[in-house]
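Model the full structure from these sequences, guided by the hints.
Residues per chain, in single letters:
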Amino acid sequence: MKWSNYKYLILRRITQLSLLFLYFAGNIYGWKVLSGDLSSSSLFSTIPLSDPFAILQMLAAGATIGVNAIVGAVLITLFYGLIGGRAFCSWVCPVNMITDLANWLRRVLYLDKIERKVWASRNIRYYMLGLALIVSFISGLAAFEIISPITILNRGVVFGFGAGSGLLIAIFLFDLFVLKNGWCGHICPLGGVHSMIGKMNFVRVKHNSDNCTLCMKCKDVCPESQVLGMIGKRSEFVVKAECTNCGRCVDVCDDDALGFNIRNILNDTKGEKL
Amino acid sequence: MSKEVKKTKISERRKFFTLLAQNAGLGVMGGLLWAGYASKAKSSPLTLRPPAALKEDDFLRTCIKCGLCSEACYNRPSNIDKETGKPRGRTLKMAKAEDNVTIGTPFFTPRDVPCYMCEDIPCVPVCPTEALDPLLVTNDKNELDPNMMDMGIAVVDQNSCIAFWGIQCDACYRACPLLDVAISLEYDRNERTGKHAFLKPIVHMNACTGCGLCEQACVTEKAAIFVQPREVALGRPGDHYVKGWDKKDQQRIQNRVDKDVTTHDKRSAKKPEDYLNMGVEY
Numbered sequence: 001m002k003w004s005n006y007k008y009l010i011l012r013r014i015t016q017l018s019l020l021f022l023y024f025a026g027n028i029y030g031w032k033v034l035s036g037d038l039s040s041s042s043l044f045s046t047i048p049l050s051d052p053f054a055i056l057q058m059l060a061a062g063a064t065i066g067v068n069a070i071v072g073a074v075l076i077t078l079f080y081g082l083i084g085g086r087a088f089c090s091w092v093c094p095v096n097m098i099t100d101l102a103n104w105l106r107r108v109l110y111l112d113k114i115e116r117k118v119w120a121s122r123n124i125r126y127y128m129l130g131l132a133l134i135v136s137f138i139s140g141l142a143a144f145e146i147i148s149p150i151t152i153l154n155r156g157v158v159f160g161f162g163a164g165s166g167l168l169i170a171i172f173l174f175d176l177f178v179l180k181n182g183w184c185g186h187i188c189p190l191g192g193v194h195s196m197i198g199k200m201n202f203v204r205v206k207h208n209s210d211n212c213t214l215c216m217k218c219k220d221v222c223p224e225s226q227v228l229g230m231i232g233k234r235s236e237f238v239v240k241a242e243c244t245n246c247g248r249c250v251d252v253c254d255d256d257a258l259g260f261n262i263r264n265i266l267n268d269t270k271g272e273k274l
Numbered sequence: 001m002s003k004e005v006k007k008t009k010i011s012e013r014r015k016f017f018t019l020l021a022q023n024a025g026l027g028v029m030g031g032l033l034w035a036g037y038a039s040k041a042k043s044s045p046l047t048l049r050p051p052a053a054l055k056e057d058d059f060l061r062t063c064i065k066c067g068l069c070s071e072a073c074y075n076r077p078s079n080i081d082k083e084t085g086k087p088r089g090r091t092l093k094m095a096k097a098e099d100n101v102t103i104g105t106p107f108f109t110p111r112d113v114p115c116y117m118c119e120d121i122p123c124v125p126v127c128p129t130e131a132l133d134p135l136l137v138t139n140d141k142n143e144l145d146p147n148m149m150d151m152g153i154a155v156v157d158q159n160s161c162i163a164f165w166g167i168q169c170d171a172c173y174r175a176c177p178l179l180d181v182a183i184s185l186e187y188d189r190n191e192r193t194g195k196h197a198f199l200k201p202i203v204h205m206n207a208c209t210g211c212g213l214c215e216q217a218c219v220t221e222k223a224a225i226f227v228q229p230r231e232v233a234l235g236r237p238g239d240h241y242v243k244g245w246d247k248k249d250q251q252r253i254q255n256r257v258d259k260d261v262t263t264h265d266k267r268s269a270k271k272p273e274d275y276l277n278m279g280v281e282y
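In order, the protein sequences belong to chains A and B.
Counting with our numbering, you get residues 1 to 274 for the letters of the first sequence.
Counting with our numbering, you get residues 1 to 282 for the letters of the second sequence.
Each statement offered as a hint is correct.
Here are the simulated BS3-like pairs of lysine-lysine, each with C-alpha atoms no more than 25 angstroms apart in a straight line: (1) A/113 / A/217; (2) A/240 / A/219; (3) B/96 / B/55; (4) B/82 / A/32; (5) A/233 / A/206; (6) B/222 / B/96; (7) A/2 / A/219; (8) A/32 / B/86; (9) B/15 / A/117.
A short, non-exhaustive set of chain B residues, derived as facing chain A with CB atoms under 10 angstroms: (10) 30; (11) 60; (12) 67; (13) 127; (14) 128.
What the hints contain is simulated information worked out from the structure, not anything from laboratory work.
Small disclaimer: the values here were computed from a predicted structure and weren't measured.
Don't be surprised by glycine CBs; every beta carbon is placed ideally from N, CA and C.
This is the structure:
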């Protein structure tokens, strides 16, 4: 086991767990670093941060929303839009740990080789996104927020778990036995929102096909393997919006053919020349 | 000679429309299920919200479920009780799936932990979306005023309140932060004994904030005085009834929009004498 093969994975787990702990400590010990939860929080009791998708749904439901929450959503959108890309999904979201566990079990138990393959469109999340806004409009209630496993898990850690935890187990089983990367890679509309927000960000994985030995370890671990279409063919950035910047491909590559880099979006959308 | 296999030709157009219908059907099905669950999730009329919450419908669409109110509340675990050295119980709980309250929204159960009506109302200004609207508890002098809170109203069940039986108890009266204003004691002669008094608690609806200290203090096994949302606990007499002895109430007659209150139907089109004498032989 080489440290470099797990670098980003460990960094991500540290980030995810420390954010959860800061929220937990904000509630239980009264720390003021990060209070609230992933829907809306307050950084050092001054900077508001809020989930842009929750705000969108609330607007669709017909709410008049306070300035703080709107500012928080703009800050989050700017951060991921410029820097993080879809990093929320792999570096922050706690459900990622559940679905990654299911995905890992799938690999070590050879489930993919045994069970029948189920196909589902990777675009379901965008339909879910649209549907969430429509249902919010009809019901006058932010529709995804009442079923979101992300907030259920997050609130569970901060305020105590309830019967909603069943949904988390359901998602784990779904990802493990029904559809590979089912929740995060196909269905979750928040992932769809973050894909759209992070489409044009600067920090991206870049492939160097000269070094590539076509071992395909990267495609094996990638939760959105369709974004790695250029492996072994072209030296370019991962340009598809669905890449979560998790860095697992960078971790597993033994040939130095993948790495994080700064994409100059203004001159070079495809990143082919760099 | 090969046998000709009859194959139904599927045109591109048919394929397109069938796929379109399939996807639209899936979308509508999902949407209906989802909207059905949403309307079920919304129906929690007995919920007591934090101070200065918007009306339930608006509150539900505006609350982002972040829990900042709960963390700012005086009664939170992080605020250690100096007397006992233990974390305080929590007034504002964030609803779990089993609470019969829209999931993730803040509420309180006065019998467990009531609202102590803090002077500075810490839970309200922290709300990022203004689902808890500071304006609702801001008085003329532009300061936060806990007396303007309106979380619900205390209701007395006279059948189980032992004070109404004639047993002396004024637990709710003494627990009330607005002593003698929100709950007063009505003295009444006990005819059964002829020498004792009833001390009956009476809740005054204009003053009661619904903090629930009375419900928590109530000595009966299940509280005989309890807080309910005003929408649930109060009736509505309508515009027709006016207190003739109350000048302020009489103003309502003048403010009333002048509308036609005469009945118009087939019978009223004729004069009363006409229809009263209808069919009568002279």
